[in-house]
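S.K.: Protein sequences appear in the order of chains H and E. Residue numbers for the first sequence follow the numbering used here, beginning at 376 and rising by one. Residue numbers for the second sequence follow the numbering used here, beginning at 56 and rising by one.
Simulated from the structure, these hints should not be mistaken for laboratory data. Ideal Cβ positions, reconstructed from N, Cα and C, are used throughout, including at glycine. Hints are not guaranteed to be accurate.
[Unchecked claim] Partial selection, computed: residues in chain E whose CB lies under 8 Å from chain H:
no.: 1; residue: Gln100
no.: 2; residue: Met105
no.: 3; residue: Val107
no.: 4; residue: Lys157
no.: 5; residue: Phe160
no.: 6; residue: Ser162
[As the list claims (entries may be wrong)] Heads up, simulated DSSO-like pairs for lysine-lysine below, C-alpha to C-alpha not over 27 Å straight-line:
no.: 7; chain 1: H; residue 1: Lys443; chain 2: E; residue 2: Lys157
no.: 8; chain 1: E; residue 1: Lys124; chain 2: H; residue 2: Lys443
no.: 9; chain 1: E; residue 1: Lys112; chain 2: H; residue 2: Lys424
no.: 10; chain 1: E; residue 1: Lys124; chain 2: H; residue 2: Lys436
[Claimed, not checked] Pulled from the structure, derived: some chain H residues nowhere near chain E, Cβ distances all over 12 Å:
no.: 11; residue: Phe438
no.: 12; residue: Ser448
no.: 13; residue: Arg470
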Amino acid sequence: AQSVTQPDIHITVSEGASLELRCNYSYGATPYLFWYVQSPGQGLQLLLKYFSGDTLVQGIKGFEAEFKRSQSSFNLRKPSVHWSDAAEYFCAVARGDTGFQKLVFGTGTRLLVSP
Amino acid sequence: EAQVTQNPRYLITVTGKKLTVTCSQNMNHEYMSWYRQDPGLGLRQIYYSMNVEVTDKGDVPEGYKVSRKEKRNFPLILESPSPNQTSLYFCASSLWGGSNEKLFFGSGTQLSVL
Chain H
376 AQSVTQPDIH
386 ITVSEGASLE
396 LRCNYSYGAT
406 PYLFWYVQSP
416 GQGLQLLLKY
426 FSGDTLVQGI
436 KGFEAEFKRS
446 QSSFNLRKPS
456 VHWSDAAEYF
466 CAVARGDTGF
476 QKLVFGTGTR
486 LLVSP
Chain E
56 EAQVTQNPRY
66 LITVTGKKLT
76 VTCSQNMNHE
86 YMSWYRQDPG
96 LGLRQIYYSM
106 NVEVTDKGDV
116 PEGYKVSRKE
126 KRNFPLILES
136 PSPNQTSLYF
146 CASSLWGGSN
156 EKLFFGSGTQ
166 LSVL
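Here chain H stands alone, though its shape is the one from the complex:
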């Protein structure tokens, strides 16, 4: 069965520093991968998605993610973090056994930004 692991529950980054959030997935075929962000008191918003092609995908708000099949990873990166990036970040994989009608979410990583 498909699963998603986000090994870091919390990460603290200084404003202006670079960021990398880790995501590992378990899926037999080519996965369909997503990163969502949840700001406090809000619903989730899609940052970026990967289906095929270039393994480095660009998203909104200056985020990017790289798909590495050999490592079963889809890590999210940002070169310079802003205080407004403080939020919870969820990696997700679309379940192929359901015709991609379902998403499996990771448990999330909470990003704290220090001044």
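Guided by the hints, dock chain E onto chain H, whose structure is given.
M.R.: Then chain E, alone, in the frame of chain H:
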């Protein structure tokens, strides 16, 4: 403005008292889904619907019901709520639920069952 609207935002109830959380989208989306979010568990899917009168179970459907009588509405029904259903609930929609569609989320409903 394109949006998914959930009501209420906050709800406190007692065990066994039936309740409904409403969800409405104004984007003519075919696919709608309910998730619950619990600390340390992320989001887990409760039910989803591919279109009017077409619904299916997600990963944690026990204790919940849904209906899809109109395309825009997808209410979540708890017929006999229990304390383990205390959670943050999200409704989401997408154009047709395929692999290349992003989900649009509502702002959430925080439910407490005493």
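S.K.: Against this structure, judge whether each hint is valid.
M.R.: Results of checking the hints against the structure:
1. Gln100: 6 Å, holds
2. Met105: 7 Å, holds
3. Val107: 16 Å, violated
4. Lys157: Cβ of Lys157 of chain E sits 4 Å from chain H, so the hint holds.
5. Phe160: Hint on Phe160 of chain E: holds, closest Cβ of chain H at ~3 Å, below 8 Å.
6. Ser162: 5 Å, holds
7. H:Lys443 / E:Lys157: Holds: Lys443 of chain H and Lys157 of chain E sit about 22 Å apart, inside 27 Å.
8. E:Lys124 / H:Lys443: 42 Å, violated
9. E:Lys112 / H:Lys424: Holds - the C-alpha atoms of Lys424 of chain H and Lys112 of chain E are around 25 Å apart, at most 27 Å.
10. E:Lys124 / H:Lys436: 37 Å, violated
11. Phe438: 14 Å, holds
12. Ser448: At about 18 Å from chain E, Ser448 of chain H clears the 12 Å cut-off, so the statement holds.
13. Arg470: 9 Å, violated
In the structure shown, a violation is registered for the earlier hints numbered 3, 8, 10, 13, in ascending order.
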